[in-house]
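Chemist: Using our numbering, the first residue of the sequence shown is number 107, and each one after it goes up by one.
No lab work stands behind these hints, which were simulated from the structure alone. These numbers come from a predicted model, not from an experiment. By construction, the Cβ of each residue, glycine as well, lies at the ideal position given by its N, Cα and C atoms. Honestly, I wouldn't trust all of these hints.
[Said to hold, decoys possible] Below 25 Å or equal to it, Euclidean Cα-Cα: the simulated SDA-like pairs (lysine to any residue) are: (1) K258 - E221; (2) K300 - S315; (3) K214 - D225.
[Said to hold, decoys possible] Estimated spans, in silico, between C-beta atoms of each pair: (4) R480 - L162: 39 to 47 Å; (5) H126 - N369: 48 to 56 Å; (6) N399 - R217: 23 to 31 Å; (7) E334 - G190: 48 to 56 Å; (8) F150 - G190: 34 to 42 Å; (9) R480 - L192: 53 to 61 Å; (10) A203 - A432: 48 to 56 Å; (11) L192 - D291: 31 to 39 Å; (12) K117 - A288: 33 to 41 Å; (13) K391 - H278: 25 to 33 Å; (14) G275 - Y118: 20 to 28 Å.
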Amino acid sequence: MINFGRDEEVKYVIARRLTHLLQFIRDVAKERNYTVHEEEDYRFWSYGRDSQVHFLDAIRSLDLPVLEPLRVDSNVPDPLAWFGGLDDKWKARVVAACGSPEAFVRAKQLRFIQEGLTDIDPLARCNDVRELVLSMNEIRSIEAVSHCTQLKRLYLGKNPVSDLRPLQGLMHLQELFLSGSAVTDLTPLGLLPKLRALDVRQTAIRDWSPLKSVHSLRALEVSRPDGEQLRSLAELEQLAELTLSGLGSVAEDDLAVLGQLMNLRVIQLEEVSLPNLEFLRNCRKLRTVKMTNSAVKDISILADLENVQSLELSGCPDIGKLEEIARSASLKKITASFQQFALLKDRFDRKIDFSTMTGSMTDEEEEIWYEYVRA
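Construct all of the structure, not just a fragment, from the sequences and the given hints.
Modeler: This is the structure in C-alpha cells:
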C-alpha cells in the first residue's frame, strides 16, 4: 500500500498488505490517536490527538511500513538536534512559522516575506516543501534551495540573488518569480523539465534564448523589452501567456515579430502606449486580452480575431475605436469602466458579460449597469 496524490511526488510504502493497514487503522481508533473536526455540515478527522495533521503528512514521521517497519537510517538528522544548532533568530522563525521543528521540516508551504533574511541555510532541511516565498529580503545565495527537491513554486522577487545554478536540480519546479532580482543569466533554467511560469520583470536580463529548451514554459512576464529583446521573445513559440510591463524603445515593426507566437492565448499589456494592436493579427489562438494603465489609438483588430473571448481594461480611458469590437463574433466577457460599458452595451447583437467593472460609478450609473446585468 503506497500513498497517492497529485502533490505526492515522494511515494512511501505505508503497509505491506491491506490487512496490515486495516489493523493499523483499528489500533489508531482503539488508542483514540485521532482528532475529529466539524465545520458547519462538514466533518473530517486528522491523525494524532488535538492535531490537524493530514495522514499523508503524518506518514513522513511514522516508522514504515506499519506493523513491519524497516530500520531507521541513523544518519538522518534529528529535527530537535538540527533545531538546537540554529541561531536564535532562526529558532524564532521556525516556531512562528510551524510551531515545532518537526512540523517545520515537514512543511509544504513556507513564507518569509520582508524579514531581512541574508542566510537561508536552515531551509536545506525542508525536503518536502512545495511552495517557498522569500520575497523582499537580502538573499544573495540560494544554495540551500537546491535541497528542496519537491519544490513547485519559488518566490525570490526583490532579492539581490544573481546565480540560479542551485535550481538546476529542482525537477518539479513549475513556477519561478524573480521580479526585481539581480539575475541576468537564465541558462540554468534550461534544465528544468516542468517549469511553466516565469516572472522576470524589473531585471537586467536581455537573452531569452536559454528558455527555448524549456518546452514546458507557458507563461512569461517581462518588463520594458526593446526591439532586440522582442525578437528573442518571439522565438519562444511554446508560450501561451505573455505579460509586457512597459516597452523600451521600439518601433511598430519591432512589435510585429510577436505575431510569431502562434500558441499565444493570453496577452497582458501594462503601462504601454500604442498606435494599434496589429501585431496580434497572426495570433489566431488568442483568447484573452488584458490591459492595465495603457492607451491604444486603434483597438479594432480584436474584432477580427475569431477566438478572442475576453477583454479586460483597467485604468485605460484612452482606447480608440473601441466601438469596433462590437463586430466580434467571439467576445463573451468585457471588463471595463462605466463609460466604456455605456459605449458598448447596445452595440452587440447579443448580450455580453459585463459583470465585472473597473473604476467608480455614481448611484445612477450603478443602477443602469445593474439593470443590464440582471436582465
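Chemist: If a hint holds in the structure, say so; if it does not, say that too.
Modeler: Structure-based check of all given hints:
1. K258 - E221: 22 Å, holds
2. K300 - S315: At roughly 17 Å apart (the allowed maximum being 25 Å), S315 and K300 satisfy the hint.
3. K214 - D225: 20 Å, holds
4. R480 - L162: 39 to 47 Å: Holds: the Cβ-Cβ distance is about 45 Å, inside 39 to 47 Å.
5. H126 - N369: 48 to 56 Å: Check passed, 49 Å falls within 48 to 56 Å.
6. N399 - R217: 23 to 31 Å: 29 Å, holds
7. E334 - G190: 48 to 56 Å: Given a distance of about 53 Å, which is inside 48 to 56 Å, the answer is holds.
8. F150 - G190: 34 to 42 Å: 35 Å, holds
9. R480 - L192: 53 to 61 Å: 58 Å, holds
10. A203 - A432: 48 to 56 Å: With Cβ atoms ~52 Å apart, the hint holds.
11. L192 - D291: 31 to 39 Å: 32 Å, holds
12. K117 - A288: 33 to 41 Å: Holds, at about 38 Å.
13. K391 - H278: 25 to 33 Å: Check passed, 28 Å falls within 25 to 33 Å.
14. G275 - Y118: 20 to 28 Å: 22 Å, holds
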